[in-house]
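Asks: Taken in sequence, the protein lines are chains A and B.
Following my numbering, the residues of the first sequence are numbered contiguously, the last one being 332.
Following my numbering, the residues of the second sequence are numbered contiguously, the last one being 156.
Everything labelled a hint here was simulated from the structure, so no lab data went into it.
Please read these numbers as outputs of a predicted model, since none were measured by experiment.
Heads up, a few of these hints could be off.
Stated by the list, open to error - Covered, in the sense of this in silico footprint (three residues per stretch, anywhere, with C-beta under 8 Å from a C-beta of chain A), are these stretches of chain B:
id: 1; segment: 55 to 64
id: 2; segment: 77 to 86
Claimed, not checked - Simulated coverage check for chain A against chain B, where a stretch passes if three residues somewhere in it have a Cβ under 8 Å from a Cβ of chain B:
id: 3; segment: 297 to 306
id: 4; segment: 320 to 329
C-beta atoms are modelled at their ideal positions from N, C-alpha and C, and glycine is treated no differently.
Each chain, letter by letter, is given below.
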Amino acid sequence: KQEVTQIPAALSVPEGENLVLNCSFTDSAIYNLQWFRQDPGKGLTSLLLIQSSQREQTSGRLNASLDKSSGRSTLYIAASQPGDSATYLCAHRAGSARQLTFGSGTQLTVLP
Amino acid sequence: NAGVTQTPKFQVLKTGQSMTLQCAQDMNHEYMSWYRQDPGMGLRLIHYSVGAGITDQGEVPNGYNVSRSTTEDFPLRLLSAAPSQTSVYFCASRLTSSSYEQYFGPGTRLTVT
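Just chain B, same shape as in the assembly:
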């Protein structure tokens, strides 16, 4: 199994540009989520999904959209990037929403200038 994969690893955007961060898992996990990590603040939940076709907001959803058309993929879209979205983004998955252990991807480092 490849586990949780994320692309790209690094990205630089100009303010106002849009892009999609990709996340995929091959473990047939129902639950997937996106976090951002900022210095000194730990990880904060952006959006999550409990299964294909079902998404919900986390702690810091503003400026981000998600969709879940398949079990495997959970892309995160920035419609109009802002400097405040400069961060490291992690995708995670677990078997179900009640499963104990969560698995993380390697992260995408995004800089918005």
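Next up, chain A with everything else stripped away, as it sits in the complex:
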């Protein structure tokens, strides 16, 4: 059974710091990996999607990387801001599956 793990469960950093969120998965037959942001009481907003043929994707201050051989993805946030405070979830889609398998998320707090 596919498992997706996100460590740490919670992270608190001062404003301006660069930070890395980690996601690991057990099924290397990956179709794509997607990073989402969830604000309290809200739905999920897609941040970045990395296809299996790609190694990274960038959007503004966000950079997501994918290492299939080690079963890991990282989300790098540069120059963090209080507005970045949210829960970040990664979701893995295996090669033959239609559905996403989610990690439990990392709750990020950026302190002003």
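Dock chain B against chain A, hints included.
Replies: Relative to the frame of chain A, chain B by itself:
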């Protein structure tokens, strides 16, 4: 486009009551799905549909029914609510089952007492 919409936003049920959570999308997406989110467990797939008239079970289907009579709508029915179904429910859609990106509704917070 309104995207993916869900109603209601909040609901409180007594054990044994039934209800339907509504989900609609206006993007002409073929693939729709329902997830539940519990603290510390991420999102788990309940049911999904690859097109009108076609549904299938996900990881945690017990206690839930779905139907897909139109492309736009994908309601989730709880026939006899149990406290274990207290959760936040998200509906999602994507263009086809092989499409890359998935879009989520705002969620329904359900409490069963």
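Asks: Each hint should be assessed against the structure and marked as holding or not.
Replies: Going through the hints against the structure:
1. 55 to 64: violated (count 0)
2. 77 to 86: holds (count 5)
3. 297 to 306: That given contact is violated, which follows from only 0 residues of the segment 297 to 306 of chain A lying within Cβ reach (below 8 Å) of chain B.
4. 320 to 329: holds (count 5)
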